[in-house]
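A.B. asks: Going down the list, the protein sequences come from chains A and B.
In this text, residue positions in the first sequence follow our numbering: the first is 39, and each later residue adds one.
In this text, residue positions in the second sequence follow our numbering: the first is 5, and each later residue adds one.
It is possible that part of the hints are untrue.
What the hints assert, rightly or not - The calculated SDA-like cross-link candidates involving lysine to any residue, where the alpha carbons are at most 25 Å apart (straight line), are:
hint, chain 1, residue 1, chain 2, residue 2
1, A, 147, B, 198
2, B, 171, A, 176
3, A, 229, B, 115
4, A, 147, B, 193
5, B, 118, A, 57
6, A, 229, A, 148
7, B, 171, A, 227
8, B, 171, A, 53
9, A, 294, A, 239
10, B, 171, A, 51
11, B, 171, A, 90
12, A, 228, A, 43
13, B, 171, A, 146
14, A, 59, B, 115
15, A, 214, A, 227
16, A, 147, B, 185
Hints are computed from structural coordinates only; laboratory data are not their basis.
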Amino acid sequence: MTKLLVQNLDKSYIINEGFGKRSRVHALRGLNLEVNEGEFVTVIGPSGCGKSTFLMVVAGIHPFDSGVLLLDGRPISEPGLDRGVVFQDFALFSWMTVRNNVKFGLSMKGMPEEEQHRISEHYLRLVNLQDFADVFPHRLSGGMKQRVGIARAMATEPEILLMDEPFGSLDAQTRKSLQTQLLDIWRETKKTIVFITHSVREAVFLSQKVVVLSARPGKVVETIPINLTYEERVSLSGPLMEYERRLENLIEQQIKGDASMRPVRQPPLAQSPDMLEHEMLD
Amino acid sequence: MVHSDALVDTEAVELIDPGKGKWVHYALTAWENTWPLLCLFVLWEIVARSGIIHEALFPTVTEVAQTIVRIFNEGILMRDILSSLTRVLLGGFIACLIGTVFGLIMGTNRFAEKIIVPPLNFFLSIPGIATFPIVILFLGITETTIIVTLGFEAGLTVLVNTWMGVKSVPPNMLYAGRVLGARGWPFFRRVLFPAALPSIITGYRLGFSRAWRILVGGELLVSIGTGLGYRIFLAQDFLQIDVMYAGVLLIGVFGFLLERVALRSFEVYTVQRWGMIREL
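Extracted from the complex, chain A is given alone in its bound form (with noise of 0.2 Å):
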């Protein structure tokens, strides 16, 4: 069953330099993608593709130009609870607690206390952070705090969580810990799952699901699906190691595409025979 439906989604936004000089920045163009429920999907590309951007619509937070736009059939125009969103740099609130950070969006809708209570204390054992509820995040390392981001952004149940590059920030180490730890709790809630990230190795490990997208204006190039098993994943197996392969030859092609990301100064091109005929024209 389809969870997100996205057709033909364009997003160009509007960049201010400042002393009258503006721009427009086509981000995406044409997007399309499917999204089914308890589904893991994993978006990747090069950097500045308009993946942060992809996320930050759906969120419902920036406008999109055309296109549709549907969670379970209903058009997304504003956040909302039912799309939960883990950020890069975690974004937790530094004057609530741990707990309080968790409760947050549970007080929005206006639950009632001791179930407020309840629901935190579920998704702070659920990733590991019981013993830290009434700590002030500034208090924690970097993992830590993602994981507050995570139980907060799990704690008001929403349809699809939506992750940016989470773990972007972290060391590799910690990387590594808390992606076997979504992987666990994935398996464990069957959420749907929409993942930013630019680790090739992270998209194969976790998802069931790689979408490739462009160089700006950003569309999807490739869905690749992975099909490995849990024990094929946590053991860095042969096949993932394949995926990987194939995956960054994909992008690659994408960087190498990309006019913006090629070397500035060119290599003499005088033996290019595109070149010669030119210089004969003259």
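Since the structure of chain A is already known, use the hints to place chain B on it.
C.D. replies: For chain B alone, kept in the frame of chain A given last:
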């Protein structure tokens, strides 16, 4: 499940100071905050006694302290202090309230920002003192005149700081609030205000210091009959130099207390405890 995070191991936390009790802590904090001032007073005393400056123009601290005790016993001082404090606190409090509300709106609403900025800059450059004669035309020689003028000027300062504070909140923090369902008043109170609080507190600091400055001029111009500022100018007329110094000293002391006791405690309890500003 393997956790490589720090802070999980509680054995790593060692209590190095069991706490000497609240009152000892307060006494230490008080000492920490006053000794640099006391040094300054000692310096004043030495310079005054050395005779570099004529004693009639520059009395010693001890003389000024005796004057304070004398006029206190005469009964005028207490009334002056109370009326000045009431004006500053009332005007300042209203200024903080209105400045914060409008600052939050200005920092989130493009339309409000565009409308408020030009008049804001216009009024910011006008010293409150200059508007006293005009305000007197409407409100007369009253307490209200002083409080309104003082509140207006302090409020503008609070407004600018709140506005800038809101604008420098990381966008993801605001998005996080919105995706978790915060709208309207709960969004302002539980997300926007605390997120901008470090800068808002700076606004309150500057606002109150502006309030003190304008108060003194106001008490003179409005000639309201009470207040520390009024006392200073009255003493000038009678060439009571020690009373002039006493008034100036007291204004400094009360300003210092307001900042160090009220605002600083608020800051420690909020933004410092939340790790939003560094503890030095």
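A.B. asks: Mind checking the alpha carbons of residue 171(B) and residue 53(A) for me, to see if they're no more than 25 Å apart?
C.D. replies: The hint holds at about 17 Å.
A.B. asks: Tell me if the straight-line CA distance from residue 171(B) to residue 176(A) falls inside 25 Å.
C.D. replies: Measuring from Cα to Cα gives roughly 22 Å; hence the hint holds.
A.B. asks: CA of residue 147(A) to CA of residue 185(B), is that 25 Å or under?
C.D. replies: holds, 7 Å
A.B. asks: Between residue 171(B) and residue 90(A), does the CA-CA distance stay at or below 25 Å?
C.D. replies: holds, 22 Å
A.B. asks: Is the Cα-Cα distance between residue 171(B) and residue 51(A) 25 Å or less?
C.D. replies: holds, 20 Å
A.B. asks: Please work out if residue 171(B) and residue 227(A) have their alpha carbons no farther apart than 25 Å.
C.D. replies: At roughly 38 Å apart (the allowed maximum being 25 Å), residue 227(A) and residue 171(B) break the hint.
A.B. asks: Hinted pair, alpha-carbon criterion (25 Å max): residue 214(A), residue 227(A). Please report holds or violated.
C.D. replies: holds, 20 Å
A.B. asks: Is the Cα-Cα distance between residue 147(A) and residue 193(B) 25 Å or less?
C.D. replies: Holds - the C-alpha atoms of residue 193(B) and residue 147(A) are around 16 Å apart, at most 25 Å.
A.B. asks: Does the structure keep residue 171(B) and residue 146(A) at a Cα separation of 25 Å or less?
C.D. replies: holds, 24 Å
A.B. asks: Are residue 59(A) and residue 115(B) close enough, with their CA atoms no more than 25 Å apart?
C.D. replies: Holds: residue 59(A) and residue 115(B) sit about 21 Å apart, inside 25 Å.
A.B. asks: When you check the alpha-carbon spacing of residue 229(A) and residue 115(B), does it fall within 25 Å?
C.D. replies: Given pair residue 229(A), residue 115(B) is violated - Cα atoms ~40 Å apart, limit 25 Å.
A.B. asks: Given the hinted pair residue 118(B) and residue 57(A), is their Cα-Cα distance within 25 Å?
C.D. replies: Given that 25 Å is the threshold and the Cα spacing comes to 16 Å, the pair holds.
Going through the hint list in order, the structure does not satisfy hints 3 and 7.
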